[in-house]
Amino acid sequence: MKRHENLPDSQSAYLKKLARRQLRIRILRILIFVLFLVLWETAARLGWIDDFIFSSPSRIAVTFLSMWEDRSILLHTGVTLLETLASFGIVVIAGTGLAVLLWYRKELSEILEPYLVVLNSLPKSALAPLLIVWLGANMKSIIVAGISVAIFGTILNLYTGFTETDPDQIKLIRTLQGTRRDALFKVVLPGTVPLLISIMKVNIGLCLVGVVIGEFIGARQGLGYLIIYGSQVFKLDWVLMSIVILCIMAMGLYALIGALERLYKKRFG
Numbered sequence: 050m051k052r053h054e055n056l057p058d059s060q061s062a063y064l065k066k067l068a069r070r071q072l073r074i075r076i077l078r079i080l081i082f083v084l085f086l087v088l089w090e091t092a093a094r095l096g097w098i099d100d101f102i103f104s105s106p107s108r109i110a111v112t113f114l115s116m117w118e119d120r121s122i123l124l125h126t127g128v129t130l131l132e133t134l135a136s137f138g139i140v141v142i143a144g145t146g147l148a149v150l151l152w153y154r155k156e157l158s159e160i161l162e163p164y165l166v167v168l169n170s171l172p173k174s175a176l177a178p179l180l181i182v183w184l185g186a187n188m189k190s191i192i193v194a195g196i197s198v199a200i201f202g203t204i205l206n207l208y209t210g211f212t213e214t215d216p217d218q219i220k221l222i223r224t225l226q227g228t229r230r231d232a233l234f235k236v237v238l239p240g241t242v243p244l245l246i247s248i249m250k251v252n253i254g255l256c257l258v259g260v261v262i263g264e265f266i267g268a269r270q271g272l273g274y275l276i277i278y279g280s281q282v283f284k285l286d287w288v289l290m291s292i293v294i295l296c297i298m299a300m301g302l303y304a305l306i307g308a309l310e311r312l313y314k315k316r317f318g
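Here our numbering is used: the first residue of the sequence shown is 50, the next is one more, and so on.
Honestly, the hints are just simulated from the structure, not real lab data. All clues stand as given, with none of them false.
Here are the computed lysine-lysine pairs in the DSBU-like style, where the Cα-Cα straight-line distance is at most 35 Å:
1) Lys-250 / Lys-155
2) Lys-155 / Lys-235
3) Lys-250 / Lys-66
4) Lys-155 / Lys-314
5) Lys-250 / Lys-284
6) Lys-66 / Lys-315
7) Lys-314 / Lys-235
8) Lys-235 / Lys-315
9) Lys-155 / Lys-189
Whenever a hint applies, use it, and build me the whole structure from the sequences.
So this is what it looks like as structure tokens:
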């Protein structure tokens, strides 16, 4: 049975038009990307650009395959991915917990909010060298660097979302002799799940940025290490290959959060 055969003709036509539009957008996206690769490769081969400095898709592919054979690229990619997921998981859990604590204890939020604003606006690239000195040049300090980029914004945004919950629903809970805890679990948290997912979409990229910053400074493994080492020894194919992998990783992680969002909307939306 076809998907739209039981729908009215006007609605079925609209859905088909929407599907064609989405397909056209996907095709155009792919064509733009392929055109960019062809233009880049052509410019390198014809000498329009210096392929030693700007590399080329073919050189990046050869570099990737050579590092795939000795499994070194899997090691560096896996380390960066593990550090990103660890920092992201801690940000989600700790950020949500601290935002709940601030909402639950209003006086505490009034005391800490200025400090959170200052810490959130602090350039994290300036903080990363201190983390390396304090914690050592290891995975732990890099994970903390990833956390530092996203945690304060998560707390502030979630706390703001909690405070903007419909006050009439809170009053209804209190009218029914409910406690502040009942309001939290029955109104505030369920009502801010879409906000949490939206924040997660941003945070997954921020954690990746923080991890790469940490790897720039104090790592011996990871894609950030490959970028900084490759630039130092003029292996620019390594640099561009690592950047491409980071872009793919960021898109994949964002798509994963997007899939979770669609699953949530399908079940509870």
